[in-house]
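In order, the protein sequences belong to chains A and B. Using this note's numbering, you'd call the opening residue of the first sequence number 958 and step up by one each time. Using this note's numbering, you'd call the opening residue of the second sequence number 1010 and step up by one each time.
No lab work stands behind these hints: they were computed from the structure. Hints may contain errors.
Examples of chain A residues lying across from chain B (beta carbon under 10 Å, computed) [what the hints assert, rightly or not]:
(1) Ile-960
(2) Glu-964
(3) Arg-1039
(4) Glu-1040
(5) Tyr-1077
Positions of the beta carbon are idealized from the N, C-alpha and C atoms, including for glycine.
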Amino acid sequence: MTIPTPELDERFRAAAADEGLLDVAYDVFDDTAMGPLLVGVTPRGLCRITFDPEPERELELLARAYGPRVLRSSRPVDRVHRELDEYLDGRRRSFDVDLDLRAQPTFYLRVLDELARVGYGETTTYGELAARAGNPRAARAVGTVMNRNPVPIVLPCHRVVGANGSLTGYGGGLHRKEQLLRLEGAIL
Amino acid sequence: MAVAVPPFETFYETHKTEVFRFLVRRIGRDRAEDAFQETFLRALRAYDRLEHGEHLRAWALTIASRIVVDGARRARPQGEMPELATQDERPAFEELAPLTDDLPPKERAAVVLRYGYDLGYDEIGEALGSTESAARQAASAGVRRLRKEHDR
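Hey, can you work out the whole structure from these sequences and the hints?
Take a look at the structure:
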């Protein structure tokens, strides 16, 4: 059969990234402790982590937010992959990769900025986070921001719980929130 | 409403096999590999300037043919092509493109591929997703229309 070989395919995908032609390079990691994860990076940094991705829908969203040159290419996302592996393996407590949050509205940025300060193994509440972002009555809006967190795990929305200590909700499913908090020793 | 430009991944996955086959048929498997990569790198360089997602298949195959033609020009020793010396500097397809702007898309593609890129009607038929005879008809309809507009 005359088809492009996997080597040729990979060579093109690597060349596209090397030449700086991509708005978003992404890859899907099927084998993580959190199940399949799609990771997207722009030339500026990490822009997307999705649990149980539906690639077609995901690519459309990425193209709309960052430009149509969205291509699967593993090298640009290698570093995020490695850091995620180390974290999920208990060998890393914070992430060093740059983030690209330019597609986020201003209020989201304020909240996500505060969220980034919640440390490994700690938890906070929606109300507390709202107060730190400058609007103590916006707990519900903060919940929405957490639900739409573009880079879960790296921006630790799993560390935000209800005022009564219940886990409340998680974009990737409550079982994952529980799994992450247990990994960090925040719950038993 | 115009068809939206799909994410490049979708465009690439949809057309990569056909582009590769087209290149293998024209220049053989070894050279097709480099031409394949160059085709999609060129497409990628122009991709964020596309205004709609129509005729992407013909577009991809047009880029591939251009690379085949460019490669043939480069590969030929200069002494063997005396006619080049008398030719205009600009490649034929660049002169044709603006002249054919007003033709219906299929006729335009057929005219440009035939007279600008010197493709055979079988290849044009393939590029346009139709047959050799349909390509021949589209090209001659395009030429007739151009002549009519020119005479007016």
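Review point. Are Glu-964(A) and chain B close enough, Cβ to Cβ, to be under 10 Å, as the hint says?
Key: holds, 9 Å
Check your understanding: Regarding the hint that Arg-1039(A) lies at the interface with chain B, is the smallest CB-CB distance below 10 Å?
Key -> violated, 23 Å
Review point. Any CB of chain B closer than 10 Å to the CB of Glu-1040(A)?
Key: violated, 24 Å
Point to revise | Per-residue hint verdict: Ile-960(A), partner chain B, C-beta under 10 Å | key: Since the shortest Cβ distance to chain B is 5 Å, the answer is holds.
Check your understanding: Does the interface hint hold: is Tyr-1077(A) within less than 10 Å of chain B, judged Cβ to Cβ?
Key -> Not OK, violated: Tyr-1077(A) not within 10 Å of chain B, min 34 Å.
Hint violations for this structure: numbers 3, 4 and 5, all remaining hints satisfied.
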